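With chain G held as given, fit chain D onto it using these hints.
There are 2 protein chains.
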Amino acid sequence: MKKLINDPRAVVEESVEGFGMAHADLVDVHTDPIFIVRKGAPVAGKVALVSGGGSGHEPLHAGFVGHGMLDAAVPGAVFTSPTPDQIIPATTAVDSGAGVVHIVKNYTGDVLNFETAAEMAQAEGVSVRSVLVNDDVAVEDSLYTAGRRGVGGTVLVEKIAGAAAERGDSLDAVAGVAEGVVRNVRTMGVALSGCIVPHAGVPSFELAEDEIEIGIGIHGEPGRHKIPMEDADGITSRLLDPVLEDLEIKSGEQVLLFVNGMGGTPLSELYIVYRRAAQILGERGVKVERSLVGNYVTSLEMQGCSISVLRLDDELTALWDAPVHTPALRWGM
Amino acid sequence: MKKLINDPRAVVEESVEGFGMAHADLVDVHTDPIFIVRKGAPVAGKVALVSGGGSGHEPLHAGFVGHGMLDAAVPGAVFTSPTPDQIIPATTAVDSGAGVVHIVKNYTGDVLNFETAAEMAQAEGVSVRSVLVNDDVAVEDSLYTAGRRGVGGTVLVEKIAGAAAERGDSLDAVAGVAEGVVRNVRTMGVALSGCIVPHAGVPSFELAEDEIEIGIGIHGEPGRHKIPMEDADGITSRLLDPVLEDLEIKSGEQVLLFVNGMGGTPLSELYIVYRRAAQILGERGVKVERSLVGNYVTSLEMQGCSISVLRLDDELTALWDAPVHTPALRWGM
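If you read the protein sequences in the order shown, they are chains G and D. Those letters in the first sequence? Residues 1 to 333, per full-length UniProt numbering, in order. Those letters in the second sequence? Residues 1 to 333, per full-length UniProt numbering, in order.
All the pointers check out, no bait thrown in.
Intra- or inter-copy, both count: the list cannot distinguish identical chains.
Below are the DMTMM-like pairs computed for lysine to aspartate or glutamate, each with C-alpha atoms no more than 25 Å apart in a straight line:
| # | residue 1 | residue 2 |
| --- | --- | --- |
| 1 | Lys2 | Glu209 |
| 2 | Lys287 | Asp25 |
| 3 | Lys2 | Asp233 |
| 4 | Lys2 | Glu230 |
| 5 | Lys2 | Asp210 |
| 6 | Lys2 | Asp231 |
Please keep in mind that the hints were generated in silico from the structure rather than gathered at the bench. Bear in mind the structure is a predicted one, so any value in this text is a computation, not a measurement.
So that you can see chain G by itself, here it is in the shape it has in the complex (with noise of 0.2 Å):
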């Protein structure tokens, strides 16, 4: 195992730290316990967005913590459920009064802290809403879910959703609109490689030098099955059909199309990907108006991709479209 880093015990501590350095202009980092916190937060009025999960997704979360998305951002060990501990101040700590988002990927672990964090975050007189994603259409139940994983959607339900509180949206409202997205969104994955968790120091999973996993979870948990080396095309057949059937998605609709690499893959792989899907949206008559391509919910060094849509209207296009500044997404600003 060769990785940038220290003691491995110390990666998330000292990534956050670093991340913190690096943007000092736009976030505030608190280290005991460890969670990110947009600079000026609360914003007087404003509804606010908490989001969180294991490490080892970046930029997910913490790469989104800034104007028109989140508002904190709370990071677990890598491949970890963040604590409650971790979760409350956070959401303290955001809150104008106007209430929080807690936006939560669909692990038990994620689903039963952020839970309990929302329960004791109520008890200190914040108004909490819980929105759950679970965008992925591989698999129904799984290691560490029951019902679907959250995965690559995530980034599209912060965005949309961070920037309905931005404009002014109530808590209900907000809240309405994240769960909007996540009913308009579906997303498969693959892997071409495991990863290797720094404390582990093994990979999580092998694939053999011709075989890929297909519906991969961010976590190299089991996906579908394993199958035989692909070529490009093929691959992006088999996790685009299953999305777009599932979604319902008819001829003369508008989509986003987001081809998220999982950390490994070079970009110019991805936009191949990207060439294949956006053709067969194509082919069946579905107007790609939005599109998003790189590395934004990854699962640390693996190879691979995965593919989500949104089915758009004019809301949602608009409020994709507003302005966003955070590590890592930023536009109009």
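Showing chain D alone in chain G's frame:
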């Protein structure tokens, strides 16, 4: 070898096609020969910037085509210089009559081909100035170079010279700004693993399980020396110390600190390197005024990073801060 590709010989073509589809609002893609131009180019009265080089370093260069940065990018085959028959039409396509600056990374093939193209374009009535980027302090001459190689600092040259062109500077002035950046930026990189050129199918070089290469180039060509694996703080010193020494940075000066991923290294690890680099600069009394962390000048899926330091003055800082809108770098608009 597992890659998300189809025909290994069609990698650049298909990737650029997907890139053009994803960013149709920003760029136009020409396919025969291949080059990418800014939407709406030539921009009346504006000096144009053209860069290019071997593919495999994405988002460099095509990802930096757009407002405030490049007017055209010319991708060669993977790790292979583009040819004059690509560079010439790219140059003439974006010339408004105000002239064109070629930004050329110092590799023998790139230098020769851009030189030939500049002569041919000039014969067609285009005023061309060439600026050579040679920021790599690791080696004096290399496998592919007479003199120092052009590496990570290239993105800083393109951003800052692009801002000068956008504000209306003359051809000589834009070239002068670019040369000023080159004089004030230095870079050094490390590889933890090799990378695989698609049509070759085998690693370009091998590193043992406990071995890293200090001073690596962006094509996997040899650096200063192979050493046993060290921790991130130790590696950071090995990269940053020669950079600061060569740049003769003094206490009280202001810099931009750029930690660049080679493609296969998680963002969390880049921030661990950033942390130590910023600490070292702080200990020396150097003020980190601006920062950039991420995968901007890559070597396919290579694991590793480079550290660049750019000495800032008010002029360079203002040009760095100026609005930019490209697929891979965007702010202020």
